[in-house]
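S.K.: Residues per chain are reported as follows:
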Amino acid sequence: MQTHLKKRIELIIEMPLLRRVTERFNAAGVSGYSVLPVIAGRGQSGTWSADGQVSDAGQMAAVICIVDEAKLDAVLDVVFAVVSKQIGLVTVADVAVVRPERF
Amino acid sequence: MTLTELAAQNLVSPMVLFFIVGLSAAFAKSDLTVPEAVAKLLSLYLLMSIGFRGGAEVAHHGLSAPLLETVAAGIALSFAMPLVAFAILRRITRLSGVDAAAVAAHYGSISAVTLAAVTGALNQLKIPYEGYMIAVAAAMETPAIVTALNLARPYRDTTDGAGKDRAFWGEVLLNGSVVTLLGAFAVGAITGERGYTLVKPFFVELFAGFLCLFLLDMGLVAGRGLLQGRKNLSAALAVFAVVMPLIGASAGAGLAILIGLSAGGTAVLMTLAASASYIAVPAALRLALPEANPAIPLTLSLGVTFPFNLLIGIPLYISIADRIAKVAH
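Protein chains in written order, with this note's numbering: chain A, 1 to 103; chain B, 1 to 329.
No lab work stands behind these hints, which were simulated from the structure alone. Among the hints, erroneous ones may be present.
The following label-pair restraints were derived from C-beta to C-beta distances [as the list claims (entries may be wrong)]:
| id | chain 1 | residue 1 | chain 2 | residue 2 | range |
| --- | --- | --- | --- | --- | --- |
| 1 | A | L89 | B | W169 | 24 to 34 Å |
| 2 | A | Y33 | B | K40 | 18 to 28 Å |
| 3 | B | A208 | A | A96 | 32 to 42 Å |
List time: in silico SDA-like cross-link candidates among lysine to any residue, alpha-carbon distance up to 25 Å [said to hold, decoys possible]:
| id | chain 1 | residue 1 | chain 2 | residue 2 |
| --- | --- | --- | --- | --- |
| 4 | A | K85 | B | N232 |
| 5 | A | K85 | A | R8 |
| 6 | B | K231 | A | D56 |
| 7 | A | K85 | B | K40 |
| 8 | B | K29 | A | R8 |
| 9 | B | K29 | A | S45 |
| 10 | B | K40 | A | T22 |
| 11 | B | K231 | A | Q59 |
| 12 | B | K29 | A | Q59 |
| 13 | B | K29 | A | K85 |
| 14 | B | K40 | A | A50 |
Ideal Cβ positions, reconstructed from N, Cα and C, are used throughout, including at glycine.
Pulled out of the complex, with its shape left as it was, chain A reads as follows (with noise of 0.2 Å):
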């Protein structure tokens, strides 16, 4: 089968800023994305568990969307600007695809 190579970006966010970096997303115009829980981790401040927090505020989540090269760097600068001084990750990564006109 023929695959086509695009970019996944993956965003490892605090829940208060999800809604912000859909909204960049959206008008960055990202076809579409996928938010996943994140369960539990460790990072610079030790390790840390969504089991007992006890609000949103200190829950994780983790953001996928997959796009064309072409639009990487508009995606990362306004995702950038938003998470830039947060607790988190964000990754970019190669990955192949087989309907290469949905992203």
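Knowing the structure of chain A, use the given hints to seat chain B on it.
M.R.: Frame of chain A, contents of chain B only:
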């Protein structure tokens, strides 16, 4: 009832004992959990119950004169308390300006769960309080954030618009607990006696049981939060987390005397001023003050101040409020 009797009665109330069970389970590393969705439902129930009963009380007795004065006093307290908290923190701790401002915001705002606890205790003791105290609580949620952002400004190496955009203030002012409290208050005020009779079996008679379940979860959350965040907890910060509620309660008592609130109303205002936010303010500050370490204020407000208020503060405030009312009337 003397302070000792009140404190003893409070300590052996089912609510407090369930909180202690949760706290102990967390310290013992038990796997006991309350599912997140259940905890959210309980929180919603408690806020709706308090709000509805406040509204129904206003519908029954009408709006008494000190409503505006009490709301204004609550807003003034919320604006001013972070200034006091910030000054103390900068003097006795090594927190950075930004972290001190973040902690100060939490202590200027209020804890809806502590409000639930004090209303539960007052109901148990059959001490009435002004129904509009619910509106006062809602009004006290956000002014502290404004003060804290201004306090933090000189310590921030940024000129971005954090905390200035309309969307941010929309989210803060319409946070879930404020909307639930005020919405239920409005429903209670509109439906009055008829509505109260209709929902009494759910909102009134089940309140103590649901509060027990919620406080069991709060014990678990507070205990685990304390275990996770203890490295952020210096002796000076722990002292602050116990002294600050007493300062807040004293300020609340002073204003309650000036306004002429009842014993119950005074106890509620004292408790609101003594409580520290751990739901509304953390979410707002992650957006407006992202440089602040969120674990510090949460460990203090949830791990130290909330248990202090629940175990010692609330009976103390009720006892003082009772004495104030006896002297004043």
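S.K.: Does each hint hold? Answer for all of them.
M.R.: Do the hints match the structure? See the list:
1. A:L89 with B:W169: 24 to 34 Å: holds, 29 Å
2. A:Y33 with B:K40: 18 to 28 Å: holds, 25 Å
3. B:A208 with A:A96: 32 to 42 Å: violated, 59 Å
4. A:K85 with B:N232: Judged against 25 Å, a Cα distance of about 20 Å means the pair holds.
5. A:K85 with A:R8: holds, 22 Å
6. B:K231 with A:D56: At roughly 23 Å apart (the allowed maximum being 25 Å), D56 (chain A) and K231 (chain B) satisfy the hint.
7. A:K85 with B:K40: violated, 29 Å
8. B:K29 with A:R8: Outside the cut-off at roughly 39 Å; violated.
9. B:K29 with A:S45: Distance ~21 Å between K29 (chain B) and S45 (chain A) Cα, so the pair holds.
10. B:K40 with A:T22: holds, 24 Å
11. B:K231 with A:Q59: Between K231 (chain B) and Q59 (chain A) the Cα gap is close to 20 Å, so the pair holds against 25 Å.
12. B:K29 with A:Q59: holds, 21 Å
13. B:K29 with A:K85: violated, 33 Å
14. B:K40 with A:A50: holds, 14 Å
Going through the hint list in order, the structure does not satisfy hints 3, 7, 8, 13.
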